[in-house]
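Hey, can you work out the whole structure from these sequences and the hints?
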Amino acid sequence: MAETQLAGKVQEMLNEEKWTRTTLQNYSVNSLKELDALIEQAEAETAIDELFSVCDEHLSHTKNSVIALYLAGIIALRKQPSDESYLTQLMDLFAEGRRTNIVEFICQRILDYGENKVALSRLAECYEGEEKAEQRYATWERLIKIDYDEADIVKLIAERKDKLGEREEAIDFYKKALLRYINKGLPSNVREIWLKLVEYAPEDIEYFFHVQKKIASLISPDKAATLLMDLYGTYKAKKEWATALDILKLVIDYDERNPAMRKELIECYSGKYAGHSRLQDYLKLSNISQTYRSLHEAMDDFEKHIVFDVGNFVFHRTWNIGRIASVKGDEVTIDFAKSRGHKMSLKMAIDSLMPLAKEHIWVLKAIWPKDKLREKIKTDQAWTLKTIIKSFDNRAELKRIKAELVPAVLTVSEWNSWSTKAKEILKTDPSFGNAADDIATFIVRDRPLSFEEKVYIQFKAEKSYFDRVVYFRDYIETNDFDSEYFSEMLTYFSGFLKSYQTVDEHVIASYLLLKELATKYPRIQQQVASTKFADLFAEVENPLTIYLNMKDSDLRHAYILHIKNFIPNWP
1 MAETQLAGKV
11 QEMLNEEKWT
21 RTTLQNYSVN
31 SLKELDALIE
41 QAEAETAIDE
51 LFSVCDEHLS
61 HTKNSVIALY
71 LAGIIALRKQ
81 PSDESYLTQL
91 MDLFAEGRRT
101 NIVEFICQRI
111 LDYGENKVAL
121 SRLAECYEGE
131 EKAEQRYATW
141 ERLIKIDYDE
151 ADIVKLIAER
161 KDKLGEREEA
171 IDFYKKALLR
181 YINKGLPSNV
191 REIWLKLVEY
201 APEDIEYFFH
211 VQKKIASLIS
221 PDKAATLLMD
231 LYGTYKAKKE
241 WATALDILKL
251 VIDYDERNPA
261 MRKELIECYS
271 GKYAGHSRLQ
281 DYLKLSNISQ
291 TYRSLHEAMD
301 DFEKHIVFDV
311 GNFVFHRTWN
321 IGRIASVKGD
331 EVTIDFAKSR
341 GHKMSLKMAI
351 DSLMPLAKEH
361 IWVLKAIWPK
371 DKLREKIKTD
381 QAWTLKTIIK
391 SFDNRAELKR
401 IKAELVPAVL
411 TVSEWNSWST
421 KAKEILKTDP
431 SFGNAADDIA
441 TFIVRDRPLS
451 FEEKVYIQFK
461 AEKSYFDRVV
471 YFRDYIETND
481 FDSEYFSEML
491 TYFSGFLKSY
501 QTVDEHVIAS
511 YLLLKELATK
521 YPRIQQQVAS
531 TKFADLFAEV
541 ENPLTIYLNM
551 KDSDLRHAYI
561 LHIKNFIPNW
571 P
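For the sequence shown, counting from 1, position 31 maps to 31 in the numbering used here; every step adds exactly one.
Read the hints as simulated data drawn from the structure, not as lab findings.
Careful, some of the hints might be misleading.
To be verified - In the PhoX-like style, the derived pairs of lysine-lysine whose C-alpha atoms are separated by at most 25 Å in a straight line are:
id, residue 1, residue 2
1, Lys515, Lys551
2, Lys328, Lys376
3, Lys390, Lys376
Treat the numbers as computed from the prediction; the structure is a model and nothing was measured.
Set out below in structure tokens:
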């Protein structure tokens, strides 16, 4: 029985609706707005819970009551976790009655409490027809920001952007669609989008290399190889042999036994080393064309030989830097600083000499005047960093960089000031990145990284959970919630809440982190909506251990506050 005057009034309204058999046609948007006024009154009188109980009880025997469904639905949205089931049922009723304007109003009321997949999906349905295309696509763009599984709509958005001539935006959405289709394991959809991106953005080679790994892992290595050959064809046609060769090597890793790869490999090598005096000799020597020879072994053999040509630099542990003076038959002649005209067999040269690029830091130290090199290094940190990193297979830590410069070029005190600027460049210059397997190792990027990509790569390379928290927060500051980078990082933390055997510091920290973010960014709310702190805490064996293992001061503080606020009778 209703205890307050307001609850009694609502009970009378419910009874009248039932007895008079009020139809859907009798309701309008204004009717629902009048019900909103009742909710505001209930809130002012702290009668919300009673109002909900009256409506919920009424629905137990009158399931299609518009008044009860609306009032209970709006109140349920205000609870944690929120529940849109009442309003979904109400929208179904009005949709069947073709009352689209009321369905739209209910969707907007749900969205007043934060982004919601159900509401956005139903709202987009309200915008049927070409005359409402702008509203429909705008709603879809909101939907895909919170529904990370939706792929078909992302593709539709990409196609529309493409049709409107918004090529760069179209490419971004095609990339999102591709990653989502990969996660769904849909090879035909993946191929369609892959080919579109090969046509529109073939130069984004790092993206394709990143994506092909996912395809190999989530669909199949054969599929990855097939798609890479599509990309390879583009670079082969442009005679960009170095990149074409990189792509082909990935294909060979997946499909070494394919005899067609040998012909393609010979064509790539012939294009890349067209000016080499011994090209044909080394191709023949390596037996690349012979099917009995392992293709990987043949490639390794060829690449060991091809670096030996007149004018190239080499390093020997005893004689240091030398330059190849001649290669005749099986004999190599090298000019070292202290041993000019030194002769050795080609086999010995391969075994004992390290080939060096003309831009290798060791070569520059040997052939540049010391003052010139010192001045260049002191004044151009970015050039120096690129030179040293590229000198060592495009991988170098700060320790290695320092070893190349101190004391040969810079004093210790000069290094201290120089390295401060260098560290800032490594952090902010998009030409530099971190190795995928080691965050302390730096690489030079052929394609500059955006800040978002840089943070994502650092996040992936980092092994520590709480260091990943720091990178996730850095990424959040960019407000780029549309990217798959954000989706992957979010999935990492939400995964701790979805699947755990015991509640440890990682589970608690993930809950606190996502709840912290949800207060600022409502779209994250759904990640924690079904989880309560008290339920998690009930499974904690040692609260102090959780606190001590939580290596983040903000999360520690939040942990204490949650215990005080949500755990009854806590000392």
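Pair hint outcome, Lys390 versus Lys376 [Cα-Cα no greater than 25 Å]: holds, 17 Å
Given the hint that Lys515 pairs with Lys551, does the C-alpha gap stay at or below 25 Å? holds, 18 Å
Is it true that the CA of Lys328 sits at most 25 Å from the CA of Lys376? Violated, because 38 Å separates the two Cα atoms, which is more than 25 Å.
Hint violations for this structure: number 2 only, all remaining hints satisfied.
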